[in-house]
Amino acid sequence: MIGTMIGIGALQIVLCLVAGPFFEGISRKYVRARIAHGRVGPLTGAMQPFWDLAKLLGKEDLSIGGPLQRIAPVLCMGAVLTASLLIPLGGAPPFGFAGDFIVLLYFLTMISVMIVLGAAASGTSYTMGGALREVMGLLIVDLVMAVSFITVMINTRSLRIGDWIEWEAAYGPNISMILALIPILLVMPAQFGKVPFDTPEAEQELMGGPLAEMSGPKLALYKWAIYGKQFVIAALFVQVFFPWPLTPIWPLNLVAALVKILVVFILMGVVEALMPRLRIDQSLKYYATLFVIGAMAIVMAYLTA
Amino acid sequence: MTGQELIHRIRGGFGEKILDAREARPAQVYVTVAPENVPQLARSFVHELGARFIVTVGADTRRMNAPMIGSEGLGVVRSFVASHIFSLDADQTFLTLRAILDPENPRIPSITGIVPGAKWAEAEIHDLLGVDIDDHPDPRRLVLPDDWPEGIYPLRKDVPYNLRPEPDTSARPKMREAPEGTTVLPIGPFYPVLEEPAYFRLFVRGETVVDCDYRGFYNHRGIEKLGDSTLSYNQVPFLAERICGICGFIHSTCYVEAIEKALGERAPRRARIVRTLLLEIERIHSHLLWLGIAGHIIGFETILMQSWRIREPVMWLCEYITGHRKTYGMNIVGGVRKDIEASMYQPILDCVAKIETESIAVVKAVANDSSLHARLRGAGVLTNADAKAICVVGPTARGSGVAIDARVDHPYAAYDEIVAKKMVHTEGDIWARTLVRLEELLDSIRLVRESIRALAAIPEGAIANTLESIPAGLEGMCVVEAPRGEAIHYVLTGADNKLERWRVRAPTYPNLQAVPVMIRDAQVADVPISIGSFDPCFSCTERMEVVDLDSGNVKVIRSADLIPPEAS
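Keeping their order, the protein sequence lines are chains X and B.
Our numbering runs 1 ahead of the 1-based position in the first sequence.
Our numbering runs 12 ahead of the 1-based position in the second sequence.
Careful, some of the hints might be misleading.
[As the list claims (entries may be wrong)] Listed next, with one range per pair, are the computed distances between beta-carbon atoms:
{"no.": "1", "chain 1": "X", "residue 1": "M6", "chain 2": "B", "residue 2": "A377", "range": "48 to 54 Å"}
{"no.": "2", "chain 1": "X", "residue 1": "I72", "chain 2": "B", "residue 2": "Y332", "range": "27 to 33 Å"}
{"no.": "3", "chain 1": "B", "residue 1": "Q358", "chain 2": "X", "residue 2": "L63", "range": "54 to 60 Å"}
{"no.": "4", "chain 1": "X", "residue 1": "I36", "chain 2": "B", "residue 2": "N246", "range": "55 to 61 Å"}
{"no.": "5", "chain 1": "X", "residue 1": "L58", "chain 2": "B", "residue 2": "R389", "range": "17 to 23 Å"}
{"no.": "6", "chain 1": "X", "residue 1": "L63", "chain 2": "B", "residue 2": "G390", "range": "35 to 41 Å"}
{"no.": "7", "chain 1": "X", "residue 1": "G173", "chain 2": "B", "residue 2": "A377", "range": "23 to 29 Å"}
{"no.": "8", "chain 1": "B", "residue 1": "G257", "chain 2": "X", "residue 2": "L63", "range": "29 to 35 Å"}
{"no.": "9", "chain 1": "B", "residue 1": "P198", "chain 2": "X", "residue 2": "F98", "range": "33 to 39 Å"}
{"no.": "10", "chain 1": "B", "residue 1": "T220", "chain 2": "X", "residue 2": "A289", "range": "45 to 51 Å"}
[Said to hold, decoys possible] Footprint (simulated), chain B over chain X, 3 or more residues, beta carbon under 8 Å:
{"no.": "11", "stretch": "38-50"}
{"no.": "12", "stretch": "276-289"}
[Unchecked claim] Computed far set for chain X versus chain B, every beta-carbon distance over 12 Å:
{"no.": "13", "residue": "I103"}
{"no.": "14", "residue": "M129"}
{"no.": "15", "residue": "I155"}
{"no.": "16", "residue": "V260"}
Calculated from the structure, these hints are not laboratory results.
By construction, the Cβ of each residue, glycine as well, lies at the ideal position given by its N, Cα and C atoms.
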């Protein structure tokens with residue numbers, strides 16, 4: 002039993018590290034380049050993010066800044082890997098426990114916090130500006146997500162992600178669940194760090210913002226961690242709101258989950274291709290609207306529960 | 013008002029103060045006064061005649077042996093000459109306000125207080141000719157590199173064009189201190205969305221821009237000096253074409269038309285239509301290029317990729333017509349070097365039709381995109397009053413309700429028969445500038461069709477006049493509506509069949525001066541697209557002077573400079 006759990010845990014970590022960049026590669030090559038831009042795209046196909054990471058890992062580290070800047074990317078990656086153990090892929094999470102969602106939320110926040118810390122430790126105006134925007138986003142984006150999940154908690158009367166999945170699979174979505182789904186889906190590009198909500202990085206405004214002073218292996222770690230975060234968020238979303246098909250056969254569930262996650266990645270690629278970057282004030286207003294929808298979902302959940 | 017009426021009116025108002033006034037060439041009126049009277053006349057020109065300042069030309073004529081035709085009444089002037097050129101758009105006339113300066117100690121009072129747009133032009137004659145400007149609001153260096161030695165003025169005739177002063181890598185630009193309570197956000201000198209070096213220092217409070225400072229002119233290539241010291245009249249067009257990588261043909265046309273105007277002799281009609289055709293093709297590809305870059309600046313990569321995909325066949329078309337994608341080498345003084353044959357009409361029309369279909373699709377998609385409205389409407393606003401004061405040109409001016417378009421106001425090439433439409437919007441924001449460009453893009457396609465129709469209607473024949481030797485002392489100027497605004501070339505012919513002075517003013521030169529106004533109190537996120545919205549072209553703007561990699565501002569960065577001392 003313990004052996005199986007460790008096996009599944011190891012598999013989840015590896016999937017998070019591999020499937021994140023791979024799905025991003027698919028979205029980049031086939032959605033962004035081929036369909037939206039009308040160009041051939043990377044010749045390595047969906048494998049391009051791996052080549053990017055390999056190249057960065059082999060590069061000289063030219064970053065400025067002290068020990069904090071050196072340790073932040075590592076902690077960021079650590080947070081992602083820990084979070085990957087808590088997500089449901091082939092059914093309930095392998096290391097699930099009562100209240101595991103709170104821990105997962107904590108580690109997800111930790112990823113952004115580590116990006117901000119690394120930026121603050123670099124201390125140039127681009128990184129500070131980016132860090133400021135990241136914090137503004139962090140405060141409200143994670144809140145929007147949390148509010149949506151509160152509806153789920155009310156419906157399922159549990160803080161355990163495994164219970165949520167079983168509940169949704171058994172009873173199907175009610176009105177409050179559908180309402181809760183909207184803000185979390187619409188805030189997803191911000192969680193992915195993509196246009197129209199990539200204001201913190203905003204290459205054209207802040208030269209990469211928090212990551213402006215990161216280079217070589219540190220940048221690779223951050224980028225990899227961000228791919229991992231995208232995978233984790235997408236997995237949490239599809240499994241909680243779309244757990245079907247939930248079969249007793251674990252590998253089948255896993256494959257279904259991966260397909261669903263890929264759909265989210267592709268969806269994010271489509272949004273990225275169709276929108277310009279919004280200003281921070283515009284995105285904050287947008288998040289606030291989503292927050293209101295999330296709050297309405299909570300009220301609805303109370304009324305129907 | 014004709015030129016003679018204009019002269020009569022000015023003489024009537026100022027009497028004895030006018031040393032010389034004449035209409036030396038059709039639609040080119042020159043008024044010469046003493047330096048101290050310049051501000052008074054400038055005020056009268058701007059406020060009473062409604063003149064629009066366009067450029068200041070400084071020239072060192074201490075070695076001239078012939079009178080300048082604009083000031084012929086004064087005989088041979090061996091001194092420094094400063095000429096403020098104004099445009100009377102309604103009368104299709106250029107009005108030059110000229111002062112002969114003291115050859116030993118040249119100085120002239122500033123007119124920047126009257127015409128804010130004259131700020132750079134005046135700073136430039138100080139940098140390059142050593143003319144002292146009294147009461148100039150910003151006496152810092154504009155054009156010369158920071159390590160250029162004091163007292164060497166490169167455009168003076170006693171300074172050789174290949175002079176290389178000792179480099180001094182410790183020199184730094186003199187930038188303003190950040191105001192209290194603000195932080196500095198540098199944009200440049202090397203910045204992802206600016207394709208060329210330029211240095212904007214933004215003073216920001218939170219996400220709001222309080223003020224900014226600018227240092228540019230990192231791209232001097234000695235073009236003007238080279239043109240008026242070593243090249244012959246028909247070599248210069250090839251150099252002029254290399255001023256800009258986007259609107260090269262505009263600069264070569266502007267130069268050759270300026271010489272033709274100085275000579276008082278137009279190129280054959282067929283040559284002028286060929287020029288018009290190529291100018292409009294350049295506008296099409298430049299506006300598509302801009303649209304892509306604007307999309308890229310606000311993170312909308314799909315627009316970038318799609319508009320550049322549409323643009324590519326335009327480049328093939330250029331290659332088909334001229335043999336080159338860019339720098340066509342088509343213009344010479346007196347005409348063009350290559351005709352467009354009858355067999356080429358249909359392929360050109362086919363290509364343009366394809367571009368039209370695709371452009372209309374993109375224009376529709378862009379015009380109805382609400383997220384683009386959110387980013388571009390109300391951002392980077394330049395009011396009509398500011399636009400007039402700073403004398404901005406092109407889509408930047410037309411987006412702010414200033415209805416100027418050199419194609420209509422000062423027709424050149426064949427624009428007297430192939431008439432362009434002025435596209436004017438009054439909002440003054442980035443969206444207005446975008447709409448102006450999109451409408452011009454479609455209008456340019458119409459002009460290409462009209463050019464082909466005009467070519468088909470006349471028999472193939474002479475495409476260039478033979479150029480005899482050109483006498484010294486002739487002056488001519490031409491304004492060409494580049495995609496970014498009007499480019500201006502002024503020429504003064506010299507002895508030995510060479511130019512005495514060649515002044516180039518690219519459209520970005522005035523538009524760049526509007527940046528501080530555009531981005532004041534803006535969000536940081538709006539700054540790159542505000543700068544991008546007037547389609548800046550730094551290498552055009554910074555065309556002049558003798559600077560090479562060894563002596564210029566370019567500093568070689570070694571790895572040691574990148575690693576902080578404590579880490580190494």
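We went through each hint and held it up to the structure:
1. Look at X/M6 against B/A377: about 52 Å separates their beta carbons, and that is inside 48 to 54 Å.
2. In this structure the supplied range 27 to 33 Å is violated for X/I72 paired with B/Y332, their Cβ-Cβ distance being about 59 Å.
3. At roughly 56 Å, the beta carbons of B/Q358 and X/L63 sit within the given window of 54 to 60 Å.
4. The beta-carbon spacing between X/I36 and B/N246, approximately 50 Å, falls outside the hinted interval of 55 to 61 Å.
5. As the Cβ distance of X/L58 to B/R389 is approximately 44 Å, the hint placing it in 17 to 23 Å is violated.
6. A hinted range of 35 to 41 Å for the beta carbons of X/L63 and B/G390 is consistent with their spacing of about 40 Å.
7. Distance hint check: the CB atoms of X/G173 and B/A377 are about 39 Å apart, inconsistent with the given range 23 to 29 Å.
8. Distance hint check: the CB atoms of B/G257 and X/L63 are about 31 Å apart, consistent with the given range 29 to 35 Å.
9. In this structure, B/P198 and X/F98 break the distance hint of 33 to 39 Å, their C-beta atoms being roughly 49 Å apart.
10. Hint check: B/T220 to X/A289, Cβ distance near 20 Å, so the stated range 45 to 51 Å is violated.
11. Closer than 8 Å: that is the beta-carbon criterion, and the stretch 38-50 of chain X has 3 residues meeting it against chain B, so the requirement of 3 holds.
12. Check result for the stretch 276-289 of chain X against chain B: holds, 8 residues qualifying (beta carbon to beta carbon below 8 Å, three or more required).
13. The Cβ of X/I103 lies farther than 12 Å from every Cβ of chain B, with a closest approach of about 33 Å, so its non-interface assignment holds.
14. The claim that X/M129 is not at the interface with chain B is violated, since a C-beta of that chain comes within 12 Å of its own (minimum 8 Å).
15. Its beta-carbon lying about 34 Å from the closest one in chain B, X/I155 satisfies the requirement of being farther than 12 Å from that chain.
16. The non-interface label for X/V260 is consistent with chain B: the shortest C-beta to C-beta separation is roughly 26 Å, beyond 12 Å.
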